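In order, the protein sequence lines correspond to chains W and S. Following the working numbering, the numbering of the first sequence begins with 1 at its first residue and continues without gaps. Following the working numbering, the numbering of the second sequence begins with 1 at its first residue and continues without gaps.
Careful, some of the hints might be misleading.
What the hints assert, rightly or not - Anything over 10 Å on all C-beta distances counts as not near chain S; from chain W, calculated:
#1 S27
#2 G55
#3 Q58
#4 L74
#5 F93
#6 P119
#7 R128
#8 D147
#9 V299
Stated by the list, open to error - Which stretches of chain W does chain S cover? Using the computed rule of at least three CB atoms under 8 Å from a CB of chain S, they are:
#10 149–158
#11 179–186
#12 207–217
#13 237–243
#14 264–275
These are calculated hints, taken from the structure and not from any lab test. Since the structure is predicted, the reported quantities are computational estimates derived from the model, not experimental observations. All C-beta atoms, glycine included, are put in the ideal place defined by N, C-alpha and C.
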Amino acid sequence: MALLDVQNLHVSFRTADGMVQAVRGVSFKIERSRTLGIVGESGSGKSVCVQTVMGLTQNARVSGQAMFEGRDLLAMRPEQLQSIRGAKIGMIFQDPLSSLHPFYRVGWQIVEMIRLHDPMSKNQARHRAVELLTLVGIPQADRRVDDFPHQFSGGMRQRAMIAMAMALNPALLIADEPTTALDVTVQAQVLEVLSRLQREFGTAIILITHDLGVIADVADDVIVMYAGTVVEQADLTTIFTEHHHPYTEGLLQSLPAYGGDRQRLQSIPGQPPSPISVPPGCPFHPRCSYVMGRCRTEVPPLAFVDNLGHLSACWLNRDSAVRNSLRRKVTEPGLRDTGEAART
Amino acid sequence: MTAPSDRSGTEDVLLRLEDVVKHFPVRSSALIRGSREVVHAVDGVDLEVRRGETIGLVGETGCGKSTLARCIARLHDVTSGRITFDGHDITTLSARRMRPYRREIQMIFQDPYGSLNPRRRVGSIIGDPFAIHKIAKGEDRKRRVQHLMELVGLNPEHYNRFPAEFSGGQRQRIGVARALAFRPKLVICDEPVSALDVSIQAQILNLLADLQSELGLTYIFIAHDLSVVRHVSNSVAVMYLGKVVEQAPVDQLWAHPRHPYTDALLSAVPIPDVERANRRDRIILVGDVPSPINPPAGCRFHPRCPKAQQACVDEVPDLSSRVGNDPGHLAACHFPVQDGEDISKFTSALGSDQRVVETGLMSGS
Numbered sequence: 001m002a003l004l005d006v007q008n009l010h011v012s013f014r015t016a017d018g019m020v021q022a023v024r025g026v027s028f029k030i031e032r033s034r035t036l037g038i039v040g041e042s043g044s045g046k047s048v049c050v051q052t053v054m055g056l057t058q059n060a061r062v063s064g065q066a067m068f069e070g071r072d073l074l075a076m077r078p079e080q081l082q083s084i085r086g087a088k089i090g091m092i093f094q095d096p097l098s099s100l101h102p103f104y105r106v107g108w109q110i111v112e113m114i115r116l117h118d119p120m121s122k123n124q125a126r127h128r129a130v131e132l133l134t135l136v137g138i139p140q141a142d143r144r145v146d147d148f149p150h151q152f153s154g155g156m157r158q159r160a161m162i163a164m165a166m167a168l169n170p171a172l173l174i175a176d177e178p179t180t181a182l183d184v185t186v187q188a189q190v191l192e193v194l195s196r197l198q199r200e201f202g203t204a205i206i207l208i209t210h211d212l213g214v215i216a217d218v219a220d221d222v223i224v225m226y227a228g229t230v231v232e233q234a235d236l237t238t239i240f241t242e243h244h245h246p247y248t249e250g251l252l253q254s255l256p257a258y259g260g261d262r263q264r265l266q267s268i269p270g271q272p273p274s275p276i277s278v279p280p281g282c283p284f285h286p287r288c289s290y291v292m293g294r295c296r297t298e299v300p301p302l303a304f305v306d307n308l309g310h311l312s313a314c315w316l317n318r319d320s321a322v323r324n325s326l327r328r329k330v331t332e333p334g335l336r337d338t339g340e341a342a343r344t
Numbered sequence: 001m002t003a004p005s006d007r008s009g010t011e012d013v014l015l016r017l018e019d020v021v022k023h024f025p026v027r028s029s030a031l032i033r034g035s036r037e038v039v040h041a042v043d044g045v046d047l048e049v050r051r052g053e054t055i056g057l058v059g060e061t062g063c064g065k066s067t068l069a070r071c072i073a074r075l076h077d078v079t080s081g082r083i084t085f086d087g088h089d090i091t092t093l094s095a096r097r098m099r100p101y102r103r104e105i106q107m108i109f110q111d112p113y114g115s116l117n118p119r120r121r122v123g124s125i126i127g128d129p130f131a132i133h134k135i136a137k138g139e140d141r142k143r144r145v146q147h148l149m150e151l152v153g154l155n156p157e158h159y160n161r162f163p164a165e166f167s168g169g170q171r172q173r174i175g176v177a178r179a180l181a182f183r184p185k186l187v188i189c190d191e192p193v194s195a196l197d198v199s200i201q202a203q204i205l206n207l208l209a210d211l212q213s214e215l216g217l218t219y220i221f222i223a224h225d226l227s228v229v230r231h232v233s234n235s236v237a238v239m240y241l242g243k244v245v246e247q248a249p250v251d252q253l254w255a256h257p258r259h260p261y262t263d264a265l266l267s268a269v270p271i272p273d274v275e276r277a278n279r280r281d282r283i284i285l286v287g288d289v290p291s292p293i294n295p296p297a298g299c300r301f302h303p304r305c306p307k308a309q310q311a312c313v314d315e316v317p318d319l320s321s322r323v324g325n326d327p328g329h330l331a332a333c334h335f336p337v338q339d340g341e342d343i344s345k346f347t348s349a350l351g352s353d354q355r356v357v358e359t360g361l362m363s364g365s
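Full structure from sequences and hints, please.
Structure follows, in C-alpha cells:
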C-alpha cells in the first residue's frame, strides 16, 4: 500500500472575480523512500495540492481523498490532522526567513515543536535539537542553537527548517520549492542534506519545484502539472527522454541547453490560462503546436502511454511520424516570438 | 577624447572599468570607539566590454554584481576607480553632464511587478524617457511609443492599459521597451528573467537576442541562473565577494574553469538532463560566503577552497592569465585548476582556524 494515496483531488476558491479552480482532479501516490517531484509553472496548482492534503488551505471547496497510512486526511478533524502534521508529515517551505519566528531562538523553536508532539523534558528536547542541527550540517550546533534566525544565513535557515521538519522522524516530508530562494552552491548543500536524510531514515519526499534541473537531480518519479491538472506522470528517465505530452516537451525545450550549442530557444507561445476561465477541452490546446480538432472540445483523460506507470493526458498518437505531421507553428498576434520574420 | 558619434570597428571597447571600488558605510556596533565599518560591495573590479557583445556577470547573492551594474549606470557613485564609457570618463560627471550618457546606458530590472508604476498607463510609462529628455510630444510621442511596443512584441493597441492587465512576461517586455526608447548603446540587464516561468523566460531571452542583432546592442547580463548566462553571453565574469575571480569566453569558462570557485559553482548547477546529471561529479562547497564587511585576507575564497595553501592567506592573487598563457582567460588564483583535475579530491592545507570546518552530514559528497 502506498504511503500517501491522493485520489481525484479538487480544490476551488471563491473570489470576487469568480470561482478559482486551483486543482481539478489530481491523483498521485508515493511510496516510502521515494522522491516524487511535482513540476509546473506558477498557478499550476502544485502547491495548493499538497497544502490541501495537509489541511492548510482555508475557505476552499475540497473534494477527493488523501489516504495516509490508511486514513483519509481530507476527512479528518483539525485536531486529528494536527497530530499528524509535523509528527508524521514534515513540511519545508520556500522562504525559510518567513517560516521561522524572528523573535525566538532557533533552538527554542525546534524544542517547542518536539515537545508539542512528544512529551520529553526541555533538556532532552534541547539535546535533540542540537543533534538535529548537527545532522543537517550546522557548524558548532551546540552554540548556534541559541542564535536567532537573523543570525543564520539563508542556507542555514533552510537547514534549520529541515532539522525541524525531520525532528520527529516523519514518514513523509513535503518540500515546497525548498531551494528556490537559495544560491546554487547552497542549493547543492541543501539537496545533499535531503537525499542523505532520505537514505538514512527512508523518508518519502514530495518535492515541488519549477526547476527541472533540481528534478533531474533528486526525483525518482515526476508529475507535470498544468492549469490544475496532471498532464504527464512517469519515472524520471521517461519524463526526460520519452515524454509524451507537448507541454512537457515545451518545458524541456524552453530551457537553455547545458551542453549543446546556443541556438534559439524554443519557447511555448502565449501564457498559462487564468484559473478562473480554463479553456474547454485540453487546457493546453491554445498553446500547443500539435493541436487537433478534438483537443478543443474534449478533455483528454490521463491514460497509459505505453508502459505501466507512464501516464499522459493528450490525444496525440504515440507514433512520432504522425506526431510530426501534425506539428505546426502556433501564431499569436503581437507575439513576435512565434513569428518567423524578424523586422528590419 | 572622441565624440560619442566617432566610432569604428566592432571590436572596440565600449565600456572600461578600472579598479572600481564601491564601499557602503554601515552603522558600527562599536560606536564608542567611533570606528566606521564598511561593506566592501565592489572591491577593485577591472572589466572591459566590447561593442555588440554580451558579457555575463555571475556570482551568488551579495557578491556585488548588482552594485557593480548600478555603479556603471551611475545609480551609485563609486568610492574610487574609473569608468570610461565610449571614450569618456563618466566616473564623476555631474547629474547634468551625465544626462546625455544616461540615454545611452539603460537598465532592465528583475521584477516586472515592482519596476512599473501600477497606477500609470503603459503608454505613459514607456513614454517617460521622451518626457524626461523633452523629446517628442503629443501624437509624435504616441507614435514612437507604439513603435517601441511593436518592437518588443506588445500589441500597440494596448497603449492605454495598466500594468496589472499584463502578465509577467508582457510586463518585462514593457520594461524592455522603456529601456530601448533612445536606442541605447549599453543595456544592463539585472536578472531580467529570474521572476518569470521557464516557458516565458525563453520568450524574453529570444526577444533580447533579436533586439541585439537588430539594434546592435551591447549587454551586460546579470543572472544567477548559469545556464541562462551561458546561453546569452559571449564572455563571462565570475564574481566572489566584490571581486572578479575569473573572466573568460563563455565556452572556455565552461570547458576549463580555472578558479576553484568557478569550478564549484558550475558543478553545483542542476542540469535538466538525467544522463548528464548521473554522470558528473559534484563539488559541494562547505560553509557560506563570508561577510563583505570583513572579507578574508589574501584570496577571499581561501576559507572554503579545497586547494588553499598558505600563500592564499598571505597574498592577494591578481586577475591574470594563469594556465596556457591565454590572454583572454583570466583567473585570480595562485593554484588554478588544471585540465582534468577534480578539486573535490583536494583538502585544504590550512589549519582549522583558517578555514571553514566541515561538520556532520556535509562532510560527505
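Beyond 10 Å from chain S, beta-carbon-wise, is W:V299?
Answer for W:V299: holds, closest chain S Cβ roughly 21 Å.
Check of the segment 264–275 of chain W against chain S for coverage (Cβ-Cβ below 8 Å, three residues minimum):
holds (count 8)
Please confirm whether W:L74 is truly not at the interface, meaning its C-beta sits more than 10 Å away from all C-beta atoms of chain S.
holds (29 Å)
Are all beta-carbon distances from W:D147 to chain S longer than 10 Å?
W:D147 is indeed farther than 10 Å from all Cβ atoms of chain S, at 14 Å.
Minimum Cβ-Cβ distance from W:P119 to chain S exceeds 10 Å:
Holds, since 27 Å exceeds 10 Å.
Stated coverage of the segment 149–158 of chain W by chain S [criterion: 3+ residues, CB within 8 Å]:
Coverage by chain S holds for the segment 149–158 of chain W (4 residues, Cβ < 8 Å).
Between the segment 207–217 of chain W and chain S, are there enough contacts, at least three residues with CB-CB distance under 8 Å, for the coverage claim to hold?
With 8 residues close enough to chain S, the hint holds.
Holds or violated: the segment 179–186 of chain W covered by chain S, criterion of 3 or more residues with Cβ-Cβ distance under 8 Å?
That given contact holds, which follows from 4 residues of the segment 179–186 of chain W lying within Cβ reach (below 8 Å) of chain S.
Count the residues of the segment 237–243 of chain W whose CB lies closer than 8 Å to any CB of chain S, then report whether that count reaches three.
Result for this restraint: holds, n = 3.
Decide, holds or violated, for the assertion that all CB atoms of chain S are farther than 10 Å from the CB of W:S27.
holds (24 Å)
Going by Cβ atoms, does W:G55 stay more than 10 Å from chain S at every point?
Answer for W:G55: holds, closest chain S Cβ roughly 28 Å.
In terms of Cβ atoms, is chain S entirely out of 10 Å range of W:F93?
Holds: least Cβ distance 19 Å, greater than 10 Å.
The structure fails none of the hints (numbered hints given earlier).
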